[in-house]
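The lines below spell out each chain.
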Amino acid sequence: MNDRSSPAMDGSVLDVYGLTDVGRKRETNEDQFVVALMRNSLELEHTSLDDTASLNQLGQSAARLLMVADGVGGSAGGGLASRSAVEALTEYVGQTAGCYYRLDVDTEHEFLDQLEAAVRKAHERVRSHTPKGRGPATTLTMVTLVWPRGYVIHVGDSRGYHWRAGRLRQFTQDQTMSELLVDEGVMTEEQARDSGMENVLSSALGADYIPSIGLIDFRVDDVLLLCTDGLTKHVSDEEIAAILQRETTAESTCRALVDAALEGGGSDNVTVVVCRMVPPAIGLSGDSSPAS
Amino acid sequence: MIQKKICMVGVFATGKTSMVRQFVFSKYSEKYHSTVGVKVDRKDVDVQGTTVRLLLWDLEGRDGHQELQTSYLRGAAGILYVVDGTRRETFDQLFELRTAVNSAIGAVPSIVAVNKADLTDQWQITDEELDTLDASQWHQLKTSAKTGQGVEETFSWLAHAMLKGGQS
Chain A
1 MNDRSSPAMD GSVLDVYGLT DVGRKRETNE DQFVVALMRN SLELEHTSLD
51 DTASLNQLGQ SAARLLMVAD GVGGSAGGGL ASRSAVEALT EYVGQTAGCY
101 YRLDVDTEHE FLDQLEAAVR KAHERVRSHT PKGRGPATTL TMVTLVWPRG
151 YVIHVGDSRG YHWRAGRLRQ FTQDQTMSEL LVDEGVMTEE QARDSGMENV
201 LSSALGADYI PSIGLIDFRV DDVLLLCTDG LTKHVSDEEI AAILQRETTA
251 ESTCRALVDA ALEGGGSDNV TVVVCRMVPP AIGLSGDSSP AS
Chain B
1 MIQKKICMVG VFATGKTSMV RQFVFSKYSE KYHSTVGVKV DRKDVDVQGT
51 TVRLLLWDLE GRDGHQELQT SYLRGAAGIL YVVDGTRRET FDQLFELRTA
101 VNSAIGAVPS IVAVNKADLT DQWQITDEEL DTLDASQWHQ LKTSAKTGQG
151 VEETFSWLAH AMLKGGQS
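Protein sequences appear in the order of chains A and B.
Under the working numbering, the first sequence is numbered contiguously, ending at residue 292.
Under the working numbering, the second sequence is numbered contiguously, ending at residue 168.
Take every hint as true, because none was put in to throw you off.
Listed below are the simulated DSS-like cross-link pairs for lysine-lysine, each with C-alpha atoms no more than 25 Å apart in a straight line:
id, chain 1, residue 1, chain 2, residue 2
1, A, K121, B, K43
2, B, K146, B, K43
3, B, K27, B, K43
4, B, K31, A, K233
5, B, K43, B, K164
6, B, K43, B, K31
Simulated from the structure, these hints should not be mistaken for laboratory data.
Model the full structure from these sequences, guided by the hints.
Here you go:
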């Protein structure tokens with residue numbers, strides 16, 4: 001298995017992991033993922049004080065940047081697009097990350113504006129590779145998690161799912177030509193299924209793009225899944241829900257999801273990022289509250 | 001620029017997302033997509049010579065008697081309640097929703113959009129019942145996210161009310 005993993009068990013009660021696989025038909029992997037921890041905190045290293053537990057609450061000022069991207073364009077162009085996009089986003093979001101810990105009602109929209117601006121810069125970075133015309137492009141599904149709120153920016157047909165108490169729901173809407181034509185009333189859903197346009201993107205970074213912006217408040221025991229279409233081509237929502245229910249760690253969940261996609265045919269690169277909101281009682285290092 | 005946050009509140013599938021889509025993009029889709037969490041859009045409008053950016057928070061519709069997730073309401077300057085005229089229960093839950101909203105953020109300007117005015121032959125709410133909203137000082141407009149009827153007027157009324165600081 002050609003995988004790249006990013007364990008992110010940092011002692012918080014967010015259990016995060018990412019995994020990508022080239023699949024069984026493709027020779028190159030044009031997917032990318034990022035799992036990043038953004039901190040703005042004081043962390044005790046040595047002290048003569050007794051009550052370090054309360055002081056270490058200060059160390060919980062952290063946010064997570066999670067994203068998946070699926071390059072399109074072939075001839076390595078897709079890989080270049082997805083890599084450029086996630087590199088640019090990691091860089092730009094990192095530059096503005098300091099503001100997340102000051103988030104309040106008045107600044108929340110500024111924060112969303114900054115995330116959207118970062119996506120716009122990533123789009124321009126991808127476009128810079130082909131200034132004279134249509135070139136490679138990439139999907140993007142990105143969640144910036146400032147516990148308990150996840151800020152979502154989505155472009156293309158990679159997906160975000162939210163699992164709570166056995167119920168799985170997709171919180172992104174695929175931006176494909178078939179979805180667009182059904183939305184516009186040009187086609188019925190049945191016609192769209194036969195149109196062959198379900199894999200043609202109507203919006204992508206590097207091409208025409210319309211970012212969809214949203215947010216979700218999470219609770220302990222929830223699971224967040226970001227994935228490229230290499231998963232959803234082969235694994236149904238019911239199967240995904242069963243895996244999220246059965247597995248107990250983010251890493252085992254990622255591996256089970258990728259294995260299911262490969263068993264289903266592995267026709268495309270497959271990438272997943274899973275974030276499990278672990279109950280405090282079984283927190284990975286005994287923390288008493290969610291990472292904030 | 002002045003910014004005002006509006007939260008769209010109501011039972012699931014009343015047409016909240018469709019109203020925003022019609023208002024912002026002048027588009028309508030027959031296909032139903034349920035909202036998970038909040039979808040955020042924005043639109044600049046002119047209110048008596050002042051440009052106001054409306055930050056539209058389209059909240060996931062209430063399903064059954066689940067609690068309204070009030071954390072999304074923080075900072076809202078206005079509430080747009082959406083009722084589906086063809087589903088009586090969406091009207092019945094209106095007062096309960098208003099109580100939950102008011103307990104969370106206090107009274108802010110609000111309006112009720114009685115949606116699906118293009119299907120009045122299937123309505124399960126009478127004009128007399130809608131008059132009870134007027135009686136409780138609650139402004140209401142009949143809207144159709146499909147045809148656009150009343151949509152612009154609804155947001156415009158709320159924008160004016162928010163700038164005036166009225167409480168409908």
